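Asker: If you want the building blocks of each chain, they are given just below.
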Amino acid sequence: MFRNQYDTDVTTWSPTGRLFQVEYAMEAVKQGSAAIGLRSRSHVVLASVNKAQSELSSHQRKIFKVDDHIGVAIAGLTADGRVLSRYMRSESINHSFTYESPLPVGRLVVRLADKAQVCTQRSWKRPYGVGLLVGGLDESGAHLYYNCPSGNYFEYQAFAIGSRSQAAKTYLERRFESFNESSREDLIKDAILAIRETLQGETLKSSLCTVSVLGVDEPFHFLDQESIQKVIDTFEKVPEEEEDGGEAEAEAAAAPAEQGGAGDQDVAPMEM
Amino acid sequence: MTFTIPIDNGDSVKNAEADSQRTLYPYVTGTSIVAIKYKDGVLMASDMGGSYGSTLRYKNIERMKAIGKHSLLGASGEISDFQEILRYLDELVLNDNMWDDGNSLGPKEVHNYLTRVMYNRRNKFNPLWNTLVLGGVKNGESYLGMVSMIGVSFEDNHVATGFGNHLARPILRDEWHADLSFEDGVKLLEKCMRVLLYRDRSAINKLQIAKITEEGVTVSQPYSLKTFWEFKAFNNPTAGAEGSW
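Protein chains in written order, with the working numbering: chain A, 2 to 273; chain B, 162 to 406.
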């Protein structure tokens, strides 16, 4: 995208019918570190890559619990994401208080989208620079939505946003048709494998990713590092190996943990 | 920077003029509602009377109404406040339908919404002078609850308002059991309504029974109960105590 004379104001249309400021806001989403969401009929998994500013600092939190039945993963301007998460928590808790009942995700997502739209139509505001993957449960089952800075929202079976998300999307495109019927464990494994795709060769360690799950009878919560490492160990026997290792392990939910199994050549992945 | 103190007429506790804006006492009132859970859902009974103080003035008031697809609301107390509540609920159901997204308000949500409304009004010293009974069925689960004018709210297998609490509930405590058939449920409610008819002076002999199941709400046509006034004791009631009545 190049600078042009129609991109200064969010309230200025280009002659070709584009709002450049809104499009630039969507660029900000692509700069953030990757976040991934996938869902089955009964569960939603949200995962993100832990990127730290420097070796000295801790990584930024990109996944937030909105309620027991809703979680959100963000990519882009984390500060904007935090503010919107607070809004979502507020809406959810107000609904729960008045109706003693969980807020349907679909309705929360529309309110969020309407809030984002306002910022695309006021000259004194700017669009939120964050993309949100909202996963949640309502009467009609599990849902995964993506909310953009433009005020649009879409429902997905699986999606990835942020930098190098295209690699994850390609992986998900190959597998998404089976997700609806996936078990909880398989869904988690696919999420971690998708995260691995975005790392482009870097060794996958549990410290590099955050994974969260929610489902029917399972309130939103984060997986601890140990559980994530266990899943990684089921396919990360030989790190250079492609996902053949992952595909052969379809049944091995929690294989015995082998810390630092990176260089282990003894057990060929196919034999599990 | 100028600072003006707003003139607020809303403080109904201290301001006499604002008093005309709030409910002080009820005028046209409905008497008891009795409701029970049964095998397929909930049964509710009420008479069709609206009293104006001690006068039995209105004889065709429907005090039970369907709310959305899954709920049935019965009210005793001030009839105009009941109508106001129906307007609130109308708006609620309308907005719920406008979402058009496969989610719908169940009886639990309506009950809690009403609890919030009643309690908030009570806090402003401007109550809606009703005791409400909310029954419904959603996804196979029956729900029956009550909210009073001060916001006291609870659920139970059988509820009643006003005189019903004193005359009907004891009967229900003895004779209600889970999985009553429709016929047994109606018989039980009629037993309660008959006692109320004999003993509650604001009750009239014209009642309706409403039923809510997974399929929806049906309110019966109004009918009367058979009564018997030839008890010996009524023939000469003061026989035992001359001068009394």
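Simulated from the structure, these hints should not be mistaken for laboratory data.
Just to be clear, a hint being listed does not mean it is correct.
Said to hold, decoys possible - Here are the computed lysine-lysine pairs in the DSBU-like style, where the Cα-Cα straight-line distance is at most 30 Å: (1) Lys269(B) <-> Lys299(B); (2) Lys66(A) <-> Lys393(B); (3) Lys226(B) <-> Lys393(B); (4) Lys285(B) <-> Lys299(B); (5) Lys116(A) <-> Lys200(B); (6) Lys231(A) <-> Lys206(A); (7) Lys285(B) <-> Lys269(B); (8) Lys200(B) <-> Lys393(B); (9) Lys285(B) <-> Lys66(A).
Since we're looking at a predicted model, the values are computed, not measured.
Asker: Each hint should be assessed against the structure and marked as holding or not.
Answerer: Hint check results:
1. Lys269(B) <-> Lys299(B): Roughly 9 Å between the alpha carbons, so the hint for lysine 269(B) and lysine 299(B) holds.
2. Lys66(A) <-> Lys393(B): This hinted pair is violated, its Cα atoms lying about 72 Å apart.
3. Lys226(B) <-> Lys393(B): Violated, at roughly 40 Å.
4. Lys285(B) <-> Lys299(B): At roughly 33 Å apart (the allowed maximum being 30 Å), lysine 299(B) and lysine 285(B) break the hint.
5. Lys116(A) <-> Lys200(B): violated, 46 Å
6. Lys231(A) <-> Lys206(A): holds, 10 Å
7. Lys285(B) <-> Lys269(B): With Cα atoms ~25 Å apart, lysine 285(B) and lysine 269(B) stay inside 30 Å; holds.
8. Lys200(B) <-> Lys393(B): violated, 39 Å
9. Lys285(B) <-> Lys66(A): Not satisfied, since the Cα-Cα distance of roughly 35 Å exceeds 30 Å.
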